[in-house]
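Visitor: Read off the chains here:
2 protein chains.
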Amino acid sequence: MTANRLIYLPLGGAGEIGMNCYVYGYGPEDKERLIVVDLGVTFGDMETTPGIDLIMPDVRWLEERQDRIEAIFITHAHEDHIGALGHLWPRLRAKVYARRFTALIGRAKLEEQGQPGTIITTVEARPQVIEAGPFKVQYLPVAHSIPESAALVIDTPAGRILHSGDFKLDPTPLVGEAWRPELFAEVAAEKPVKALMCDSTNVFSTHAGRSEATLRDPIRELVQKAEGMVVATTFASNVARLVTLAEAAQSAGRSVCLMGRAMKKMVAAAVESGVLAEFPKVVAPEEAEDIPRQNLMLLVTGSQGERRAASAQLARGKYLGMEMKEGDLFLFSSRTIPGNERGVLRIVNAFSEMGVDVVDEANGLYHVSGHANRPDLELMHSIVKPGVVIPMHGEHRHLREHVKLAASKGFDGEIATNGMMLDLTGDSPEVTEYIETGRLYLDGTALIGAMDGVVRDRIRMALNGHVMITIILDENDEPLGEAWAEIMGLPETGKGARPLAETIEEELNEFLDRGGKVLSDDDKLDEAVRRVVRQVAVEEIGKKPEVTVVVSRLQAD
Amino acid sequence: MTANRLIYLPLGGAGEIGMNCYVYGYGPEDKERLIVVDLGVTFGDMETTPGIDLIMPDVRWLEERQDRIEAIFITHAHEDHIGALGHLWPRLRAKVYARRFTALIGRAKLEEQGQPGTIITTVEARPQVIEAGPFKVQYLPVAHSIPESAALVIDTPAGRILHSGDFKLDPTPLVGEAWRPELFAEVAAEKPVKALMCDSTNVFSTHAGRSEATLRDPIRELVQKAEGMVVATTFASNVARLVTLAEAAQSAGRSVCLMGRAMKKMVAAAVESGVLAEFPKVVAPEEAEDIPRQNLMLLVTGSQGERRAASAQLARGKYLGMEMKEGDLFLFSSRTIPGNERGVLRIVNAFSEMGVDVVDEANGLYHVSGHANRPDLELMHSIVKPGVVIPMHGEHRHLREHVKLAASKGFDGEIATNGMMLDLTGDSPEVTEYIETGRLYLDGTALIGAMDGVVRDRIRMALNGHVMITIILDENDEPLGEAWAEIMGLPETGKGARPLAETIEEELNEFLDRGGKVLSDDDKLDEAVRRVVRQVAVEEIGKKPEVTVVVSRLQAD
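Listed in order, the protein sequences are those of chains A and B. Residue 6 is where the first sequence starts when you use our numbering, and the numbers rise one by one after that. Residue 6 is where the second sequence starts when you use our numbering, and the numbers rise one by one after that.
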C-alpha cells in the first residue's frame, strides 16, 4: 500500500502579487485528490505584455488531473482571486464554493463569460464544513478591503492547514466582519495548525495596520471644507470606503453620484448579499449635472490611472456630462500600485492644469491598506502557532522577508514559489517536485500561452518597426515587376531625406537583378532579402527592423 | 522706434521633469537676441515611446531664428540638461558655454556624435561675466548631485534674472561647491532680481533637505557590518556619492571596483577637471574576480533598473566575471524615479531569489536628493526676494504648488509651461504668445517628430498585432493565385483551433472570387480587404489587428 501524502502547490501568487491559485492534494503519490484555492488574474502592461487584457495562471497541471479535482474554493471577490474563474472553469469543471457576496460577484462574472452561475455554491462561514474528498474546509471570516473575505481552515488526514487568504487585523472595518483574534485562537486550540499559508503583501510595512474606521473623521473633515465639487476614487470593491466617502458627502449636504460600472455592481452586490443594509442615497449622472457643484460628490473608478476609467476620462475632459473645474477637489482614497505611477501622475497633472486640487494618501489620512502589516503578521503567527509558516501572496522579496520575520520569533518558514510542490506530510515541509508553470494571456477572446511568441513579436515590432517585402517571381525564378516595400512604425526617410521604402526597394531590385540560384530557394531568398533590408535600414536610420517577406511564385497557366 | 522687451520661453522642462531647455530674449518684438539655457533629453519608455532611445525638445522655433541666437549656456552635466547638445547643436550653431567639469563631459558627448568638442568654451564662476549680445551672464556655484552645478545670473537691460538651475542647499556636499547663502544675498543686493526661474522638483518634500555628508556614517556602518560582497549603485554622475561609497569600502578593508562605462567616465572627468583631487584606488574587474568577496565592493550603474546596466546584468547572472551570491549585500544608494519601479523591483526580486540582501533608501539613511525641498525653496525665495517666482523643472503639479508656496510668503508667482512665452519687461509678467512646441525622438540614428505617427503605429502594432495581405491581380483585375496572409503578433489559431491566417485567406479568396468593380479600384480594394480581415479577426480572436494590404497588378509584357 502506498503511503498517503499531503501536498501544496502554488500555481500563481507565490513570487508575484496577483493571479492567486494554490493547490492542495491528499492521497497516494500522483493520485492525490485535489482542491484549488482561488483562480485569480493579474493585469498586463505595455512594457511586458502589450495588447494583453488579462493574465492568469497556466493550469495545465490541473487540467491533466481534472478527474482528481474535488472542488475550487474562492476566498474573496478581488480580481486577483476570482478573475480567472470564468475563463478557466471550463478546463477544471469542479464544484466552486464561495460565501454569499463573493458568489454574487462570481456568478455575474461567469454569466458575462457565458458560463452558468450555478457552478458556484454559496456557503456559510464556520461552523459550516464543506467536505471535498479527503478535505474538510471551513470559511473563517477575516477583515480585508472587500466584504466577506475569508481564511480557510483546511482539515486533512495529515493535519490542519490554515490558508489566510488576504487579511488585515481590523477590529472596526465599518462594513463586513471584524478581525476576531479569538476565532483564530479557537481554531489553533482545536487542532494544532500544521502550516499557515500566509498573506505577505505588507511584510515591509513596519507599523501596525490601521483600521478602516480611522479614515472616517479625516475624510469627513476634508469634504466638509471643500468648496467646489468633490470627486473621490477608490477600488470599487472597497465597499466600506465607498460608504465612508458617501456618508462624508451626506453630512456635508452633498448628493452622491456613483460613476463607473464596477462601482454600481459592487454596491448592488453588497446590498443584495446583506453585507450592507443600505447604501446612502445616490443620484444618477443625468441628475448630477443639475446639482450645484458645491453640493455634489462623485465617486469614480480609476484609482490606478486606468485609461478608460472615470477618473482618466475626467482628466481628459467630460465624462457622462460632468467636468472638473478650478476649485474642485479630487481625492485619491487609494494607494498607487507600483508600476501604475505614470498613469496616476498623468491624471494628477491634468487636474493641476485645470486648477483642481488633488489630495492623495501621502499623509496617511485618506487611505489604509487591506493587508496585514509586519507587526500584524507577527501577531497572527503567535496566535496560530503553526508548525511552519509558508508565505504566499507576495513577490519573492516579500516571501523571503516573511520567512525571516517568522524565524525571528522562532517559527519555521519555507519559501514555495509558483511551481514548487511541497510535501507537508512529515514534520517539516520538503520540496518534492518542480512543476513547469506559466501564464496564460487573454488576448481579445483568445487564451494564449505566455511563451507562444505572440507578445514577443509585438514587443519586437514596437521596438524595431516592421518592414514588409513583396516579391513576385515567374516560373523561371525571374522577378515579375519590382520588389515592393511597406514600412510601418519606422521613420519615413533616412539619410539625406531619402524615402526609406524607396531606398529599400532600390537595393532589393539590384539584388533581384543579380539573379542566381538564391531566387529558386524560398528559405535562402527569404534570408537574403531580410539581410538586404536590415543592411539598408541600419545604414539609413540606424535600426534593424522586423522584416516579413512574401515571395509569390506565379506558374504559367 | 520699437520698444525692447525681455522674453522668457521654456521649450522643455516646464511641465515635465526632463529635457530642460529655456530661452531668454531681449530686443524689439520678433527681433529679440536670444540665449538658450540647457539642451537636455528625457528617456523613452515602452508605454508611450517604444523603441525610442532619447527624447528632446523640438527646437524648431529656435532653428527658424538661428541667426538671433547669441549663445547656449549649460548649467550642469546631467543628461536632462546637456544630453541633447550633440544632437541639436547642428540646428542651432551657437557658441556653447559651460564650466570645466560640464565642458569635459559635454565635449566627450559631442565627439561621440561626430561634433567638434571645441564648440564648448570653458568658463569660470562669478565674477567672470560672459557677454552674449544684450545679456551678461555669470555662473553662480550651487550644490547639486553632480559637481559644478550652477545657477545663472542673467543681466539684461530690462533687469536681472536668476535662473536657479538644479540646486540644493547643501553646506557640506563633500565633493564640489557648497551652498553659500551669502553669494545669493550678494547677487540680490547688487541689483534687484526681477524674476527667479526656480527648480521645483522637490516642492512636495516637506522636510528640509539633508546634506550629502549625513550619509557618510550610515553607509560606512552598513558596509562595515556586511559579511559577503557589497555592491552599491547610484547615478554615475553623483561623484560625491561614489567617493562616500568608495571610502566606506576602504575603511572596511575592501577593494573597490567600478563597473559600467558611465562611472569610469564621470570619475575621470572629476579628476581631470580638478573637482576631485583623486578618487580612492580602484581595481579592474579582472582583478576583482580574485579578491575574496568579503574584501570587495562593486560600484555599479543601473540604479533605475535599466535593462542593460550592470545591476540588471548582475541580477540576471554574471557580469564581467562577477556574480552575486547568498549573503551578499546590494545597496540602492538612490531613489527610484516614478515609472521605473517595475524595473527596479525586478532586480530586487532576482537578488532575493539569490539570497542577496537588498537595502534601499526607504529609511532615508543611504540616499539624499539633489534638489531643494519645500523649506529650502522658501529660504531661497526669501534670500533672493525676486519680483516674481517662475517655477521650472517640474511637472504641472510641481509648478502649481511652487507658485502656491511663493504666494504663501507674499511672492508673486507665474506658471509658464513649455511653449508659453512670457514678456518680463513690465512689473509683472504677461503671457504674450503660445509657441507650438513638441518633442523630437531619436530613433536609431533618425530624429523624428513626436507627431510623425511612427510611434503611434508601433503602439498600434504592439496592442493589436499586424496582418499583411498580398494579392496579385492580372491586367483584367482577375486574381492571379490566391490571397496570402501573414500574421505577426497575433494568436496562431482562432475558434475551434483553426489557423487564423488560413481562415483569413479563405474569406479573402471568397471575396476575390466574387469579383466586381471593387477589384479595379486600388483604394476601394484596400479598404474592402481590410474590412474582411478585421471581421474575420474579430470573429476568430476578438481583436481588430493592424492591416497592411499589398496589391500587385501585373501587366502583360
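Just so you know, the hints here were simulated from the structure itself, not pulled from any lab data. Don't take each hint at face value.
Since the list gives no way to pick out one identical chain from another, each pair is judged satisfied if it fits inside one copy or across any two copies.
What the hints assert, rightly or not - Calculated pairs, BS3-like style, for lysine-lysine (alpha carbon to alpha carbon, straight line, at most 27 Å):
hint : residue 1 : residue 2
1    : K269      : K414
2    : K230      : K323
3    : K323      : K500
4    : K36       : K230
5    : K529      : K549
6    : K230      : K500
7    : K548      : K409
8    : K409      : K522
9    : K522      : K269
10   : K390      : K409
11   : K390      : K100
12   : K390      : K196
13   : K414      : K390
14   : K100      : K270
15   : K522      : K141
16   : K141      : K390
17   : K141      : K36
18   : K409      : K330
19   : K286      : K270
20   : K286      : K230
21   : K230      : K409
22   : K549      : K269
Visitor: Can you name, in rising order, the numbers of the hints this structure does not satisfy?
Guide: 1, 3, 4, 6, 7, 8, 9, 11, 15, 22
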